[in-house]
Amino acid sequence: MPEIDRAQFLRLGVAGVVGTVGAGLLAGPASAALPVPKPQGDDVGFLSFGAVAELTSRAWYTQALGAKGFTAGQRRRLQQAHAAKNDHIRRINVALGGDAIQAGDFVATFPDGAFATKPRAVALGERIESLLVGTYLNGAAFAHDAATRLLIGRLLAYDAQLLAWMRGLSGAPAATGLPNPLSLEEAGTTLDRLITTPNFPTS
Amino acid sequence: MLSRPLMRARRTRVALLLATAIVLAAPAAAQAFTVYGAASLSSAFPVIDGAPKYNFAGSNQLQLQIERGAPADLFASASPAEPAALFREGRCSRPVTFATNVLVMVTPKTNPAGLRSVYGLRSGNHRLAVGTAGVPIGVYTRQLLRRMQLTSILSTNTVSLEPNVNSIVAKVGLGSADAGFSYFTDYLVAKGRLSVFRLPTWAQPPVRYQMCVVKRPGADTASANRFMQRVLSTQGRRVLKRFGFGLTPRR
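Those sequence lines, one after another, are chains A and B.
According to this note's numbering, the first sequence holds residues 4 to 206 in order.
According to this note's numbering, the second sequence holds residues 31 to 281 in order.
Just so you know, these hints were derived from the structure itself, not from any lab.
Beta carbons: idealized from backbone N, C-alpha and C, even for Gly.
Mixed in with the good hints there might be a few duds.
Stated by the list, open to error - Quick list of the computed label-pair ranges, beta carbon to beta carbon:
1) B:Thr188 to A:Asn89: 37 to 47 Å
2) A:Pro38 to B:Leu191: 30 to 40 Å
3) A:Leu37 to B:Pro76: 53 to 63 Å
4) B:Lys245 to A:Arg157: 44 to 54 Å
5) A:Gly44 to B:Pro76: 34 to 44 Å
6) B:Glu119 to A:Glu189: 43 to 53 Å
Unchecked claim - Reference listing, derived: stretches of chain B covered by chain A, where coverage requires no fewer than 3 residues with Cβ under 8 Å from a Cβ of chain A:
7) 129-141
8) 178-184
9) 224-234
Here chain A stands alone, though its shape is the one from the complex (with noise of 0.2 Å):
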């Protein structure tokens, strides 16, 4: 058994205790617990908004998986996206609580001809992203509770980076400029042309 000397003992401590600390201060962000989202006053409009809308993009996922023209690592990052579309209406619900948006209550109805080619349904998906990246950025400016303000920004980082995606099948740049914050009156109108409550009456 090899001997160590005084020396090599306490550096074996210093290393075995930095090593600790240290692990535990790349583990600490990490495993933090998030802050819960506790909505106030208008706070509920953006999630309920998104809630919806994220319901809408997850119908498109669905119908761009079946449609032709998508590439095999594109399909993979649609099966990654609708995953993540599920995660999102999940979480925003929770927040919601009792203001929860239930899945019966809306169904997305595409324009015919929607996804008969690759273009036109990127050129749908591109629409519906850029709804929920123009919401999002006004959430994250207005929301009142921080909790809130913090789910709306990630929510808005995963869905930028589907819009950015989005663009570029469709050969547009990555980026043109800022996206503009969209109000819920002008993103309600653009959205209520693709849903419908079919066991409600129609008004």
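Given chain A, put chain B in place with the hints provided.
Structure of chain B alone, referenced to chain A:
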């Protein structure tokens, strides 16, 4: 001519027959089957079945009356919250969904305030008719306004709080309010006096009607179940649809 004893005997027989008829008729009247229904069902339900005795009011008020022992046999609410509470308390059977609705903004036919959409209410100083915070139409209205980020209109306009949707429609129809929030079906009933403005689909709260058979001593459960089946039948659904209600898929 009849003799006096014969006439007395005949009178006695007639009196006895009358008394018997009254005694037999009395329990029937006391057992009149009673439906407690949301105010928004007051036009459709009597068309589905004209036999029951109806009591239409705000669903929250009806729930309270049933909890205090009111003689209801069937309860039909404009929201699942009230029947669910009664079910939890063991006062009614498991609730069944039978119709849906959506919210609209109504103004008097002439629209004197010149409103073009719900966003026009942001300018303030209008007279608004809104359901109280406890009645389903009031709960749904507040939910919709929260989603649309328009809750401020309840403080920047003069708001009259109404106990049920019929009061809202009456107030707007008479011109006592510039606008109000009601169900689409209530607009249809009074459309001669009202103009309608649709509200965004994405912000609509899910308006679901539920009914349940009331559990109390002496309740006419058999008639309540028959009424429930009638509402859920093809004919009942047809009537509900004619009055503008939405229908959930058959189970």
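Going down the list of hints, with the structure as the test:
A beta carbon spacing of about 45 Å between Thr188 of chain B and Asn89 of chain A agrees with the range 37 to 47 Å that was offered as a hint. Our hint of 30 to 40 Å for Pro38 of chain A and Leu191 of chain B holds, since their Cβ atoms are close to 36 Å apart. Roughly 54 Å separates the CB atoms of Leu37 of chain A and Pro76 of chain B, a value that falls within the hinted 53 to 63 Å. In this structure, Lys245 of chain B and Arg157 of chain A meet the distance hint of 44 to 54 Å, their C-beta atoms being roughly 48 Å apart.
About 42 Å separates the C-beta atoms of Gly44 of chain A and Pro76 of chain B, a value consistent with the hinted range of 34 to 44 Å. Between Glu119 of chain B and Glu189 of chain A, the C-beta spacing of about 46 Å keeps the proposed range 43 to 53 Å intact. Closer than 8 Å: that is the beta-carbon criterion, and the stretch 129-141 of chain B has 4 residues meeting it against chain A, so the requirement of 3 holds. Figure legend: the stretch 178-184 of chain B, annotated as covered by chain A; annotation consistent (3 residues with Cβ-Cβ distances under 8 Å, at least 3 required).
Closer than 8 Å: that is the beta-carbon criterion, and the stretch 224-234 of chain B has 8 residues meeting it against chain A, so the requirement of 3 holds.
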